[in-house]
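Please build the complete structure, drawing on both the sequences and the hints.
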Amino acid sequence: MIRSKRGETDPYRKQLKSDCESLLGRFQKTESVRFQVFSEIWRESNFTHIFYGAVKHEKRAFSRRVLDLAYSYFLPPLTFQIRVGGLYLLYSLYRCQTASPPEQIRVALKDWDEVKKFEKDAADAQHLDAVYILRQLRFLKAFHFTAMPTLLAYKKKRKTEKSDLSEEFVERASRPQELINGDLLEELSNIHELYEKMKTSVSLPSEKSVNMIHRSFVPQLRGSVLDFHKWQQNKDETDLDEDCGEGTSSQQECSNRAGLIASIKSKAYGEAAEASKSRRHRQVEVDPTSNESGPSNAPGRSRKTKPSFKARTKEKFHFSGDQLKASSSTTMISHLTSLDPVAAENVKYFKRFPSK
Amino acid sequence: MAASGGSTTSNTNIPEYEYSDVNTKPFHIGGFRSEWLSRLTPDDYSYQPEEEDTFDANFAKEHGVSAETMAELKSVCSIDSLRCHPEDEQPDPEVVPPNPTLQTLIERKKKQDYKASRKITKNRHDLYANELERLTYGMKPEAVDDILPEGEVILTVNVYYPASYDKFNYVRPHMTLLMTGSHSLAEFRDAICCVSDLQVCGEFSNTPNIAPDFISKDHYKSAFFYFEGVFYNDMRYPECQDISMTTIEWAKSHNFPSYSQAKMEDTRFMDLNVKVGFPYLYCHQGDCEHLVIITDVRLTHKNDCLDKELYPLLTHKHRVATQKCSVCHIFIGRWFTTNDEFAPSHPCLFCDKCFRTLHYNEDGYKLGDFLAYPYVDRGAFN
Numbered sequence: 010m011i012r013s014k015r016g017e018t019d020p021y022r023k024q025l026k027s028d029c030e031s032l033l034g035r036f037q038k039t040e041s042v043r044f045q046v047f048s049e050i051w052r053e054s055n056f057t058h059i060f061y062g063a064v065k066h067e068k069r070a071f072s073r074r075v076l077d078l079a080y081s082y083f084l085p086p087l088t089f090q091i092r093v094g095g096l097y098l099l100y101s102l103y104r105c106q107t108a109s110p111p112e113q114i115r116v117a118l119k120d121w122d123e124v125k126k127f128e129k130d131a132a133d134a135q136h137l138d139a140v141y142i143l144r145q146l147r148f149l150k151a152f153h154f155t156a157m158p159t160l161l162a163y164k165k166k167r168k169t170e171k172s173d174l175s176e177e178f179v180e181r182a183s184r185p186q187e188l189i190n191g192d193l194l195e196e197l198s199n200i201h202e203l204y205e206k207m208k209t210s211v212s213l214p215s216e217k218s219v220n221m222i223h224r225s226f227v228p229q230l231r232g233s234v235l236d237f238h239k240w241q242q243n244k245d246e247t248d249l250d251e252d253c254g255e256g257t258s259s260q261q262e263c264s265n266r267a268g269l270i271a272s273i274k275s276k277a278y279g280e281a282a283e284a285s286k287s288r289r290h291r292q293v294e295v296d297p298t299s300n301e302s303g304p305s306n307a308p309g310r311s312r313k314t315k316p317s318f319k320a321r322t323k324e325k326f327h328f329s330g331d332q333l334k335a336s337s338s339t340t341m342i343s344h345l346t347s348l349d350p351v352a353a354e355n356v357k358y359f360k361r362f363p364s365k
Numbered sequence: 028m029a030a031s032g033g034s035t036t037s038n039t040n041i042p043e044y045e046y047s048d049v050n051t052k053p054f055h056i057g058g059f060r061s062e063w064l065s066r067l068t069p070d071d072y073s074y075q076p077e078e079e080d081t082f083d084a085n086f087a088k089e090h091g092v093s094a095e096t097m098a099e100l101k102s103v104c105s106i107d108s109l110r111c112h113p114e115d116e117q118p119d120p121e122v123v124p125p126n127p128t129l130q131t132l133i134e135r136k137k138k139q140d141y142k143a144s145r146k147i148t149k150n151r152h153d154l155y156a157n158e159l160e161r162l163t164y165g166m167k168p169e170a171v172d173d174i175l176p177e178g179e180v181i182l183t184v185n186v187y188y189p190a191s192y193d194k195f196n197y198v199r200p201h202m203t204l205l206m207t208g209s210h211s212l213a214e215f216r217d218a219i220c221c222v223s224d225l226q227v228c229g230e231f232s233n234t235p236n237i238a239p240d241f242i243s244k245d246h247y248k249s250a251f252f253y254f255e256g257v258f259y260n261d262m263r264y265p266e267c268q269d270i271s272m273t274t275i276e277w278a279k280s281h282n283f284p285s286y287s288q289a290k291m292e293d294t295r296f297m298d299l300n301v302k303v304g305f306p307y308l309y310c311h312q313g314d315c316e317h318l319v320i321i322t323d324v325r326l327t328h329k330n331d332c333l334d335k336e337l338y339p340l341l342t343h344k345h346r347v348a349t350q351k352c353s354v355c356h357i358f359i360g361r362w363f364t365t366n367d368e369f370a371p372s373h374p375c376l377f378c379d380k381c382f383r384t385l386h387y388n389e390d391g392y393k394l395g396d397f398l399a400y401p402y403v404d405r406g407a408f409n
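If you read the protein sequences in the order shown, they are chains L and Z. Here our numbering runs 9 ahead of the position in the first sequence, where the first position is 1. Here our numbering runs 27 ahead of the position in the second sequence, where the first position is 1.
Hints in this document: simulated from the structure, not taken from any laboratory. Treat the hints with caution; some may be incorrect.
Said to hold, decoys possible - Within a straight-line C-alpha distance of at most 25 Å, the following computed PhoX-like cross-link-like pairs (lysine-lysine) qualify:
#, chain 1, residue 1, chain 2, residue 2
1, L, Lys-68, Z, Lys-335
2, Z, Lys-344, L, Lys-165
3, L, Lys-23, Z, Lys-248
4, Z, Lys-167, Z, Lys-290
5, L, Lys-150, L, Lys-126
6, L, Lys-65, Z, Lys-137
7, Z, Lys-279, Z, Lys-244
8, Z, Lys-344, L, Lys-164
9, Z, Lys-344, L, Lys-68
10, L, Lys-26, Z, Lys-167
11, Z, Lys-290, Z, Lys-248
Keep in mind the model is a prediction, meaning the values are calculated, not measured.
Okay, structure coming up:
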């Protein structure tokens, strides 16, 4: 029952996300799936405090939000280790929440099969603590078996949110490897052999019209898949190196270009056009300290943003004392027409959300 | 899992998003329930807590775990391992701890400091946000027959303000009801309270005492729900008419896909084919239309209110500011008058007492010239 105020549907979303991701990131670095390791990280970061300080009526809504967020880390396509981390996170948050009555963990029907599969994988790999924790949650009746992970009320978002999943947590695509596995290749080569035999027995080997396929396509296929796998691994390693190199070179280019543009501009604006004869009496004056963006000032930047009108006004006109106060607020017509200076009235703060 | 042979059959009973985070595709509620029950063991959704020893024994047997490993597992995974402070040094959970490192805590502290500096009085909406829920949480009935059966489906339905309201049409639900799968739509209709049901039409300055006999609810009993192309009409009383016929006939003549009809009292929530999170319609009084959105469908849980008699359960009611009598400013206005020589404004609102004392003498005779109409304030159900 998350009630939404104007612009405040999810006040702590970014912060919660960054806290959870930093916790899971640390867990990922340990390359372990033991609950002991996780609980150590939890204790070190004093994560239980995340619930502290919430006012009475905020507790339930906050618990709901944090559990929903943690639930998303428990589902595919994240890596197995992150999913185990997500499970531990769910368990810890559920046990440590301060909301009373406690909020349950919502499991959607469409995700249940994934959860069962996860349990099976963990059991097969003898990760007893993960299985135990999952069973514990069921024992504690921590789950709400729902249709969808969150409450839906037809709230359409103005901007489509960017993909939420952090890149490091996502399972790397391994579909080519899955599809072209050893068994498949063996079968393919068997069929290929049979086909070749049949072809030679039926027709002469010199007939070119029957040569429709590559002779050695099975080894080629295998080679391509291995290359892809190698490339995937290399990509992660070289990504870091490339960034530093590219950065500096592009900056230099940028500044060169900027200098060129700046020189062109200065020629254009530096000399004012001469006024025509009929207007000689009103010569155009070139103001050396003009407010037009001085291109000569900043050759390093290709684009200088003009200071705002407010900033320019402040710069140009100097006030003191009362006038300063008066200048920053809008002029009241009544003040213009009164003879004596009017004492500054206390501006009444208008409440944005008037309580009824 | 395309490699696992054959095309993946889309099971229509498993809810899927139609638009991510907005609403789902239509699914059958009864089918949804059976899908869940087929995947779970009765222990999962029973109200009785399991014995810890049985749990440990079962776990040990299933995974071939020795007693020592079991004990070790238990101690590692217990809540003690999550304790950040020793038992006697627990910091106060009501306050943000000093020197927070977590981003959430820093943000929370910032918000609290800002709020404290503003000196705003407490927001009434927030204070009472969960009031109704707190009242009924975990209530168990006295009679065993009245307990909600295990594995029953609970739907959370939001009913919104009618389109005739200016404010808060789309955002704030007027009321949130919890319904069970075995409730019929007619029971749902009875649980929705709309002020337009209480409106009284007519001028009653001469006969102020008989006004309550004429509320619209009794006059115009027809209503319908619209879910997924089917109009469910209320046909319980002989006065009820099929008000959806007009729409259906209009649709036919304009080449819309054809709609069908059914009876409200014969349809249970379990039989419905609906989308979660998608707006549907409830129409009564001929033209008072409310949006209805089913926000959640789930199985019952031991912490829910288990008393069948309390359902349909109201979990949230939005409070509307009411308009008070122009004389006493204490009671809610019940009458409004026009062409009234005693009244300061036209029209003018009065509570019952002030109205009678001002306009009628002790014997109940009408004084002066005026027209009076009964008024139902929007916040009458507060």
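Results for each hint:
The suggested pairing of Lys-68/L with Lys-335/Z is violated, with an alpha-carbon distance near 28 Å, which exceeds 25 Å. A threshold of 25 Å between alpha carbons decides the hint, and for Lys-344/Z with Lys-165/L the separation of about 23 Å falls inside it, so the pair holds. For the hint linking Lys-23/L to Lys-248/Z, the alpha-carbon distance of about 50 Å lies beyond 25 Å, and the restraint is violated. Pair hint Lys-167/Z plus Lys-290/Z does not hold up; C-alpha atoms about 32 Å apart against a cutoff of 25 Å.
This hinted pair checks out: Lys-150/L and Lys-126/L have alpha carbons roughly 20 Å apart, not beyond 25 Å. This hinted pair checks out: Lys-65/L and Lys-137/Z have alpha carbons roughly 18 Å apart, not beyond 25 Å. Among the hinted pairs, Lys-279/Z with Lys-244/Z is inconsistent with the structure: their alpha-carbon atoms are about 30 Å apart, more than 25 Å. Under the criterion of a C-alpha separation no larger than 25 Å, the hint pairing Lys-344/Z with Lys-164/L is consistent with the structure, at around 20 Å.
Of the pairs offered as hints, the one joining Lys-344/Z and Lys-68/L holds, with about 20 Å between alpha carbons and a cut-off of 25 Å not exceeded. Our distance criterion of 25 Å between C-alpha atoms is broken by Lys-26/L and Lys-167/Z, whose separation comes to about 38 Å. With a C-alpha separation of about 14 Å, the suggested pairing of Lys-290/Z with Lys-248/Z holds against the 25 Å cut-off.
In terms of the numbered hints stated before, the structure departs from hints 1, 3, 4, 7, 10, listed from lowest to highest.
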